[in-house]
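Asker: Sequence:
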Amino acid sequence: MTTANTADIVIAGAGIGGLAAALALHAKGIDAVVLEAAPELAPLGVGINIQPAAIGILTELGLGETLAATGIRTREHRYLDHKGATLWTEPRGVDAGHEHPQYSIHRGELQMLLLAAVRDRLGPGAVRTGLRVICFHQTPSGVRVLAHDESGGAVEIEAAALVGADGLRSAVRAQLHPDRVPLSPAGVDMWRGLSEMDEFLDGRTMILANDEQATRLIAYPVSRRHAERGKALVNWVCLVAAPSKSLSGDAGWNRPGRIEEVLPHLADWDFDWLHLPEMLARSPRILRYPMVDRDPLPHWGEGRVTLLGDAAHLMYPIGANGASQAVIDAATLAAELAEGADVATALLRYEAARRPATTAIILANRNMDGAERGIAGRPGHDKTAELATITHRYRVAVERRQPLT
1 MTTANTADIV
11 IAGAGIGGLA
21 AALALHAKGI
31 DAVVLEAAPE
41 LAPLGVGINI
51 QPAAIGILTE
61 LGLGETLAAT
71 GIRTREHRYL
81 DHKGATLWTE
91 PRGVDAGHEH
101 PQYSIHRGEL
111 QMLLLAAVRD
121 RLGPGAVRTG
131 LRVICFHQTP
141 SGVRVLAHDE
151 SGGAVEIEAA
161 ALVGADGLRS
171 AVRAQLHPDR
181 VPLSPAGVDM
191 WRGLSEMDEF
201 LDGRTMILAN
211 DEQATRLIAY
221 PVSRRHAERG
231 KALVNWVCLV
241 AAPSKSLSGD
251 AGWNRPGRIE
261 EVLPHLADWD
271 FDWLHLPEML
281 ARSPRILRYP
291 MVDRDPLPHW
301 GEGRVTLLGD
311 AAHLMYPIGA
321 NGASQAVIDA
331 ATLAAELAEG
341 ADVATALLRY
351 EAARRPATTA
361 IILANRNMDG
371 AERGIAGRPG
381 HDKTAELATI
391 THRYRVAVER
401 RQPLT
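In full-length UniProt numbering, the protein residues as written are 1 to 405.
Hints are computed from structural coordinates only; laboratory data are not their basis.
One or more hints might be untrue.
[Stated by the list, open to error] EDC-like, lysine to aspartate or glutamate: derived pairs with alpha carbons at most 20 Å apart: (1) 28 - 60; (2) 231 - 202; (3) 83 - 342; (4) 83 - 212; (5) 28 - 120; (6) 83 - 199; (7) 83 - 120; (8) 28 - 339; (9) 231 - 120; (10) 231 - 278; (11) 231 - 272; (12) 231 - 76; (13) 28 - 342; (14) 231 - 268; (15) 231 - 211; (16) 83 - 211; (17) 83 - 278; (18) 83 - 272; (19) 28 - 8; (20) 83 - 268.
[To be verified] Label pairs and their computed distance ranges (CB to CB): (21) 95 - 230: 33 to 43 Å; (22) 124 - 179: 50 to 60 Å; (23) 146 - 212: 52 to 62 Å; (24) 119 - 154: 33 to 43 Å; (25) 340 - 183: 15 to 25 Å; (26) 95 - 148: 30 to 40 Å; (27) 267 - 42: 28 to 38 Å; (28) 169 - 198: 53 to 63 Å; (29) 263 - 340: 32 to 42 Å; (30) 260 - 175: 37 to 47 Å; (31) 83 - 28: 17 to 27 Å.
We put the beta carbon where it would ideally sit given N, CA and C, even for glycine.
Taking the hints into account, I'd like the entire structure generated from these sequences.
Answerer: See the structure below:
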């Protein structure tokens, strides 16, 4: 049975990008409804970083105090070798001169605070869970969006526009670009976890370490509430070169991993201030998945339908840009739609503003991954100067594409 509904803007997906878009549109006086396939939203996932440009947007949306009470204001990136020696340091956020901080935060907690804000401002029915967008059909005056509920029943919604923020497996992207579905694997496997520790350096530092086999470890605190209790909730990720770049199995974010898979890669590592096996063992759950992205699209949308976030520009989790770019997408989309021009024209302007920027970051992330692995894989090589060079090049390539902060 089909039920009909109407909405100004339909957003497929209640992830960080979709919820940020709903808030940004509402701030411009545009109503939106978010359709989410999951029957219930819960604070899942591990830690992420949000860059100053995106934090500035979220602060303008009235979330600054909530972010400060939830995440960690990252002060510094510290590059180490596998024996814990510091190779290079780089200030971050306000310590690097930005107006806004860089936050390290639990992805699920960020999603929940965005969800609470959407429901508070747009109403409890603004996010409709248990509704998976299946397809869409454009009409002369709008878009007809078809979704299925948990029982398989059909729900049809008429809208002025559809925004596909439905992530890695986007149904909206698949209909717009049926020939551009494949993922591009990096040839890197990642294990991720969250561990409560008694301390972690100064509580505001991210470490990025590597050895001569190009194994990398990234770790940083993500919870203000833990810090207030004198603890550190540490997000960690171990990246290991895979035997090949073939992609097999599930590329999603919830495949279980085991500590026994990770420890052999860190057997020769030794930090005098951190017992790595203990940190890994303290994680109640370990996730394992390949590092993937997608080749940039030649265009995102068509007519009254467009894409946002991972659905538009899936990128390697390097440089803390995935969620940040989704937030910037959201603000740009709302600004263009608020101009009052024809919807299709506004979406074209949105894409013109965002697609070149995110394409550049996808390519910069690929280059950064290759450069980091290249440096790590040269035994006896002096890595300090080269790390300084590649981090500077990456920062310039990315930050010139961001709004001023």
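Asker: Compare the structure with the hints numbered earlier in the document and write down the numbers of the violated ones, lowest to highest.
Answerer: 3, 7, 9, 14, 15, 21, 22, 24, 25, 26, 28, 29 and 31
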